[in-house]
Structure formats: C-alpha cells, structure tokens
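Listed in order, the protein sequences are those of chains A and B.
In this text, residue positions in the first sequence follow the numbering used here: the first is 5, and each later residue adds one.
In this text, residue positions in the second sequence follow the numbering used here: the first is 5, and each later residue adds one.
These are computed hints drawn from the structure, not numbers from a lab.
Cβ atoms here follow ideal geometry from the backbone N, Cα and C, with glycine treated the same way.
Keep in mind that a hint or two might mislead.
Chain A side only, calculated, beta carbon under 8 angstroms to chain B, not exhaustive [stated by the list, open to error]:
#1 Ala-47
#2 Asp-92
#3 Ala-95
#4 Trp-98
#5 Arg-101
#6 Ser-102
#7 Asp-103
#8 Pro-253
#9 Cys-280
#10 Pro-284
#11 Ser-287
#12 Phe-424
#13 Leu-428
#14 Arg-433
#15 Val-440
#16 Arg-458
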Amino acid sequence: MKKILVLLVLLTMVLAACGPTAETPVVEQPAAEVPVVEAPAAAGVTELKILWAEWDPANFLQEIGNMYEAETGIKVNVVQEPWGSFYDLTAAQWAARSDTYDMVVGDSQWLGQGVVQGHYLNLTDFFVERGIHTSVTEATMKFYGEYPQGSGSYWAYPTEGDAVGWAYRTDLFEDPEQMAAFEAEYGYPLDVPETYAQLLDIAKFFTRPDDPFNGVGYGVGVYTQKDYDGMIMGYENVKFSWGADWYDPVTFEVEGVVNSPQAVEALEFYRELYSCCAPPGTSNAFFAEMNDAYISGQAAMIMNYFAFFPALANPGINPFADVTGYFTGPAGPYGDRYVALGGQGLSVHTYISPERQQASLDFIEWFAQEDVQLEWALLGGYTCNINVLESQEFLDVAPFNAAFAESMGIVKDFWNIPVFGQMLEPINRIMHAFLVDGQGTAQEALDQIAVEHRQILVDDGILD
Amino acid sequence: MSNEASSKKQSKWHLSDKGLVSLFIWPTLILLILVNIFPLFYSLYLSFTNYSVISNQLPIWIGLQNFINHLQSEQVWTYFTITGRFTIISVAIQTILGFGLALLIREKFFGSGILTTIILVPMMLSPVVVGLFWKLIFNPGYGIFNYLFFWTGIPLTTDWLARSDLALWAIIIVDVWMWTPFVMLLVLSGLSAIPDYLYEAAAIDRASSWFQFWRITVPSVAPLVLIAVLFRTIEAIKSFDLPMGLTGGGPGAATRMISIDIYTRAFLGQFKTGQASSLAVIVLVMIVAVSNIYITALNKVKKG
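With the rest of the complex left out, here is chain A (with noise of 0.2 angstroms):
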C-alpha cells in the first residue's frame, strides 16, 4: 500500500511539473512594443478567427464576415462562447497565449488585462495613419480602446457599442388622466424624464400595487445583480450623473473619491429608486430579468443595455412593443450626464504569426469604413461610427437608435486594470446588502468599499 502511495505522489509531482509554464513574466507597462506588422504579409492566410460571446451581434459580425469573404476570399469566421464562460474562455486563452483565435471582441474593462499582460496588439500607428481613431465618438474610442486612459495608445476597435438606456410605456406617458394626475401631484408635465428626480417622481407615481393603470403596478426596474456588474453597472448611471466617480483619474485614489459626498447621495437615490418602486422579486436582477418585469407588463419603465432592447420592439415577444418608446439616462442634481457603458472592442492577438496579425488590420481597416459601419448598424450591430450614429438612415432604424445614438456621446466605465475583476467583489458585497436589504447605511457601505478599494490597490503596486 505504501509502495502505492509513493507511486501516486511521484506520478503527481511528475505530472504537476508539466503543469503551466511560465514563459512570459507579466509585463507590468504596456506592451507597446509590439510593432504593426506592414502590408502585404497577410498572403497566404485564408482564415480568420474572432472570438465573441454567444449572442444576436455577433450573428450580425458573421453576417460582415460573410462579406468580407465574398470581397477578399478570406474566411471570416466568429467563434460564440455563451457569456458566463465567455471571459473564462478568453483568460484561459490569453495564460496559454494560444494563436488559436486572431481577434477577440473583449470587454470594456479587459482592456487594462490584455494591455499589461501583452495579450493586446498595439494598434496605434495603424489607427492614428488611417484615421480609424477619429472616425468613432471620442468616448467609445477612450473606453474601448485606449489604455491608459489619456495615453493616446490604442488597442481595440470599437466594435459594439452599448449603454445603459431607458425603456418606457407610452401609453400611461401618454394617457390624458395620467398626465393630468400628475401634473396636479407635481406640479409639472409628465413626460421622459430629463432629471434623475423626475424619474423618480415618475416611478413613484405609476407605482400602485393595489390600483395598477394598464395592469402596470410598479414605477421603475432597476439592476440590483450582485454576481458580477449588473448592479454596479446600475449605479453608476447615478454615480456619474451625480459627478462622483470611482476613482481619481489622475493619482487612482479611491478613499475620498468613491465615498465622496456626491456617490453618497447617488446611493442613496438608487435605494430609494429601488425600494419604492421597483416590482418584487428584483432583489438579484439584470439585463433578463428587467426585460421580463417589462414584457410581463409590472413596471413602466426599466434600466437596460440598448443590445437587449430589440426584444422589446419586437411585436412577438413584447405585447407592448407598440407603446414602448425608448430615452437616453437623465441628468443629475448638479448637471452632469452620463450613462454605464457597455459593449466591446475588437483586438487583435500578440502571439498569432505576422502574416496573421496582418491580416487581421486588413480586416479592421475593412470594417471601420464607413459603408461597412452602415451596414453593420443596418444588420443590427450597434456602430461607434461618428458619420452613421449621426446619419438619418441609422436613426430610423430602430425605434431606439436616437437614444444610443445620444448616449454613445457620455459613456463612461468602471475600472478597466487588470484588478477590475477584484474590484467588483467588495462592492457586490457591501453595497447588495445596502440596496436590497438596508443595511448599514450609503455612507458606511461606500467608505466600507474605498477601505477594501484602496487595499487592493495597494496589493497590485497601483497606491503606495
């Protein structure tokens, strides 16, 4: 039995030994280093591969592909992962550093990971000589693909742009009683809301349980999801509207920033948001659940990404497709306004050949164009292209287009550095149990967070 036990523990250490190499130290600057490779390696490649999470744009991106194949002959082919295993997938990638996928179509907040690790081509030659970093809003380009913020480096595309947009019925908005009501209770017209304490004059009306107009019971659906960003995602529509924010973006000091007076009171808001008005049973909810609390006919309006906002105009799945109308995130008390930022950037792989990564800019420069960006707004992607977000053809498409459109131009993001994933813990935490349950109270929770904020921080060498 013991020879045995000896034999498994060798067998174990000898397999253990050809467990993970390290061939790369992590790289704590920017690899910047890597240079653009020229035209016209890209001969001989007759595949691309892009990975993307499992859903309707990336659909659309195989779609685009399709074109690109019909023009160049190079295969395009978008490679989906369902979303929960989606950022799984892509690290284990990335610590591989496997050439199986040319591009990837990678969170907002990976940006600072795939940077700092080297995982990230540096793409600001390339954009800066073809104009490509011009041709989107300034904010997408900012929160998708430059790193570090303000640096003038690029490293994605700006691919699918998203926000946290509005959704509303029109037909309480719009009923003669209604409105009459309300202006006799507030003393103004009912209309989309332009202030956030509109908004919540608003969800406080329509909020009736016992006596529901149209069956509608309750104001206003909001994030509350503690498993990853749904519910900070939420906040920080108010957080930035209130003109607080999450850190200093010039020294990255949180304590006194996070906690400030302004995030305090937007706290405050979004619980009051909450408890008052939001339909029961939102105590966990994101982008699916505010979609059913919408479609079940429970709330008169809910907060949502603007890509989950096709299932509400469609007439088959929303029975009230025909009265929803759709508006961008209102001002805050002090006039700022801004909205959570979504969606993704394309980048393209360090580790993948020379040829291929050519490739790869060929197929970017393809898609930034302009009449690709149109079609691709048209097949249902949502473009970060100036000229077509602005374009009439663009606006009509979508009953909510006007309102992306708007809300591509104040975008802003949480943290994007390698720690992100570490940073949305102690907020998940401590701020669920504020929100939902009532614990503690906005200031505490927040000065809870800056103390667990600044630690992780400091642990990651970012604050002395």
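Please build the complex by placing chain B on the supplied structure of chain A, with the hints as guidance.
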C-alpha cells in the same frame, strides 16, 4: 514439435490471474489518478502558492500564508458560521421529517407505493433547476409561497430572498424539501429490515408502543440514520448549486456559504486560484474530520 512447442506458445500468451486483475484494475486506476488523485494533489500544491490561472506566471511558493490569511479573516469565519448554521438546521430538520415520513410510509395502505414515488421526486431533480423554480415560488409578486402560508401571518409582500434574516431560511426550506426523501428512503430500508417477531414478542410482553419504538425501532435503524446524516452533512457543507441558484450568496453576503466564497475567489473575474485552493483544502479537512466523528459514532452504534 509440435505439440510441446505449440503448448509453450500458448502458455506464453496465457493470461495469469494476476495479469487479469491488472487488466481490470489499471485502466480504472489510471483514470482515477488523472481525474481525481492528480487534481487533488495539484490543488493541495497550489494552496501553498499565490497562483492565478490567468496570470501566465508560474505558481510562487508562499508556504502557509494563504491558510493563515483565511484563518485570520473575519469574513471567512462568517462564511463558515453561515455554512455551519445551514448544515445543522437543515440536516436536523431533514432527519426528523425523514424519520417521521418513513414511519408513516412503512404502513402499507392503498396508494402507498405511488405516494412513496411522489415523495422521492424532489431528490431526483437537478439542484440548479430546483433553485430556479423555487426562486419563482418565493417571488413576492407572483410566487405561490406567500399565498400558501398567508394564514401563518406572513405578509404577501415578503421577499424571502432579499431579506438577510429570511434568505438562509428560504434555502433551508428548499434543501429540506429536496433532501428529506433521501433520509426517508434510508430509514425506510432500515425499518423494513426489522423482523416482525421482535414487535410480536414485545407485544406479548405487553410493551407499550413508545417502549417498542425506543427499544426496537430506534436501535435498529440508528446505523442507517447515521449514514443518512453523514451523507447529508457532507453534502450540506459543500452545498453550492442550490444557494447559488436561489440567492447567489445574498443579499450582500448573508447566505454566502464557504463553497460560494471558494467559487467567487476562483472565478467571477478574480481568479485567485491559490487562495481558492487553500480554502477548498480547509473544507476538505473539515469534512474528513466530521466524517470521522460520524463513522466513530456509527461503529459504536453497530457494536451496540
């Protein structure tokens, strides 16, 4: 030649008993080593390192630091407390209810077979599915739970999964619903093994029903009850899919059991593989310790 040569040739290819044993055992053993033993020892090794699976760096040996950090962390102790509270309450209720149900089901009556099958259905379902549909049942807007128990004074608007004082109880209710049949099944098999003559002899001696229960029924089924408790305790300590599906560990961290904490550290954007492995090792040691206590008790009961 050639009979002798041919028989020698045959014996060369003859499979000895030992060879046959090896042929059966080694494929299984190799599979076991690859998918079970190796990951176990590898995660044990990782628990002494600061390894992150996405960092593209080799694990760096940090000795007992992960274990020290965990054992000094108030949060980790809180999660262990939540796990312990859930385990004790849930297993205790399941044992009592399972025993009671087994006593009822033991009596044969019309439809008892179908009733037994129906009672067993919950434990045959996937915990993830159970979590999802109980989430709907608990929904304060359209779920049926509050309506069914309205008479007890529970307000219809009670959001079981959003209140830190109720969320753990919600998980316990579902766990009890799902796993009481398992305890019942084991106890039932123990009850059916008790020979009728013991009860007949006791009846002749004018022993009361209570006396028969304590002196015949309980000692006879005690080993099986202990086995049921052992299995359920182990499962409850590492319970993951049910609480994850119902509350995700919330609200806040009110129902964050240790398995959810391990998952949060290992995935969800954190990928602290070394930390998660060390916590998993602590849980493993705990389970082994608890199992040993039960097995010692079981042996004592068996010896009488």
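Results of checking the hints against the structure:
1. Ala-47: Hint violated; A/Ala-47 Cβ to chain B Cβ min 31 angstroms, cut 8 angstroms.
2. Asp-92: Since the shortest Cβ distance to chain B is 7 angstroms, the answer is holds.
3. Ala-95: 4 angstroms, holds
4. Trp-98: 6 angstroms, holds
5. Arg-101: Hint on A/Arg-101: holds, closest Cβ of chain B at ~7 angstroms, below 8 angstroms.
6. Ser-102: 11 angstroms, violated
7. Asp-103: Hint violated; A/Asp-103 Cβ to chain B Cβ min 14 angstroms, cut 8 angstroms.
8. Pro-253: 22 angstroms, violated
9. Cys-280: Violated, about 13 angstroms.
10. Pro-284: The hint holds - A/Pro-284 has a Cβ within 8 angstroms of chain B, the shortest such distance being about 4 angstroms.
11. Ser-287: 3 angstroms, holds
12. Phe-424: 7 angstroms, holds
13. Leu-428: 6 angstroms, holds
14. Arg-433: 5 angstroms, holds
15. Val-440: 5 angstroms, holds
16. Arg-458: 17 angstroms, violated
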